[in-house]
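*Asks:* Note that the protein sequences, when read in sequence, are chains A and P.
All residue numbers for the first sequence refer to the numbering used here, where the first residue is 1 and numbers rise by one.
All residue numbers for the second sequence refer to the numbering used here, where the first residue is 1001 and numbers rise by one.
Errors might be hidden in some of the hints.
[What the hints assert, rightly or not] Only some residues are given here: those of chain A computed to face chain P with a beta carbon under 7 Å: (1) R35; (2) E103; (3) G106; (4) G122; (5) E149; (6) G168; (7) D171; (8) L178; (9) L179.
Simulated from the structure, these hints should not be mistaken for laboratory data.
Ideal Cβ positions, reconstructed from N, Cα and C, are used throughout, including at glycine.
Each chain is listed here by its residues.
Protein chains: 2
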Amino acid sequence: MAGPRVERVRRVPYAKHAGRRAAIVEAAAEVFAARGYHAGSFQQVADRVGMSQSSLFHYFPTKRDLLLAVLERRDAVGAMRPDRVHASSFVDEVLAVARANTEIPGVIELYATLSGEAVTEGHPARDYFTRRFAGLRADFAADFRILRELGLLRDGVDPDRAATSLVGLWDGLQLQSLLDPRVDVVGCLRDYLDGILLPDPEPA
Amino acid sequence: MAGPRVERVRRVPYAKHAGRRAAIVEAAAEVFAARGYHAGSFQQVADRVGMSQSSLFHYFPTKRDLLLAVLERRDAVGAMRPDRVHASSFVDEVLAVARANTEIPGVIELYATLSGEAVTEGHPARDYFTRRFAGLRADFAADFRILRELGLLRDGVDPDRAATSLVGLWDGLQLQSLLDPRVDVVGCLRDYLDGILLPDPEPA
DNA sequence: GCAAATTTCGAGTGAGTACTCGAAATCTTT
DNA sequence: AAAGATTTCGAGTACTCACTCGAAATTTGC
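I would like the entire structure built from these sequences, with the hints used as guidance.
*Replies:* Next comes the structure, spelled out in structure tokens:
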């Protein structure tokens, strides 16, 4: 009797696949950062990565898929929090991330450009940014609650509102810094945090 | 002898002109607010105002011109500061403007959408937003300096940095509020101002 | 009421868009 | 090396874009 008909499904895609895909996502991130989602085109991404437009469609069937891949990758990269060990405090950690963002070119542009576009009708990244902002607010609110437990939060400061403000301030400062590099994102963030937090009790 | 050849230049355009133009600008503001500059089209504006696309070109020779007219109009409308008389303080005035923006639909969308797009390469509104942010920072910095003179600014608060932060916070909060209406723009702004200003000295 | 200026529009134009398709080239496994 | 799967690309599709042009309809000044 004949063996069972086996659907041969490729388990490992060709070796090139992952590398090509990564190159495309990176090129797309650059294009979207510089021109925005709507104004950036498949052709521009193809040119930058050195492939034909139709080859791109082999990896990403729609422009929307390409955008979502870009956002996913950024999350993955951003998840590697810098120097959590060396950060001596919550403030240090926030400022370290802010400083890292200003130093890696393209990150701020990407988020500033896309978050603005994302509020338009039916934009594919709208959901992503809604979740992202909500997540950041929740994370910071939790941090502030812990700080309050530790007696490090100034009286009368509401953790949820402070979290919302911190996220807003951060984003707004980054946008300004794109139009005028003299804007000091890190300095202003430090001012804000200094204003709502109490100094560490000096070890006698 | 014949009279001098007079170049007849129309001084007053046809009566319809101003009204039509205003209607177009308003329709364009709605389109740009909902879809952004690049994604919004002449056709959409024409449909909304009930004219043919080619008629629009009679009033605005390029899309860029239309965008600049929209931004100019918003400045003109915004220049009518609400209730400067009834504002009992700097804080009240800022919060009144913030509240007004949240209540007039379309204003926040327009600025959030366009300011994000404006940081992209060669965007026609880039210059506008650069100037606008710089102007707001200068205005608020001047206000904070006056408040310091009056002894109403908390010690250690730098007027310039506070102005930059206020503008950033305001913008960032508005963006968040578009994606989640529960975000309390006015409340967070009040929190911030309360944090850097001193309470009025009670009249004994 | 008449001539001139303005306003309106239908019908394009060329360029660019996301995306499809079929077949050639390349890679993997056997 | 042969067979099968994957990757690549050239050519094309249907569509939308900002914008042009020439001529008809309308408004204005006289």
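*Asks:* Are the hints correct? Go through all of them and say.
*Replies:* Comparing the hints with the structure gives:
1. R35: 5 Å, holds
2. E103: Status violated, d = 18 Å.
3. G106: Hint violated; G106/A Cβ to chain P Cβ min 12 Å, cut 7 Å.
4. G122: Violated, about 9 Å.
5. E149: 21 Å, violated
6. G168: 3 Å, holds
7. D171: Holds - the Cβ of D171/A comes within 7 Å of chain P, reaching about 4 Å at its closest.
8. L178: 4 Å, holds
9. L179: Hint on L179/A: holds, closest Cβ of chain P at ~4 Å, below 7 Å.
In this structure, the hints that do not hold are numbers 2, 3, 4 and 5, in rising order.
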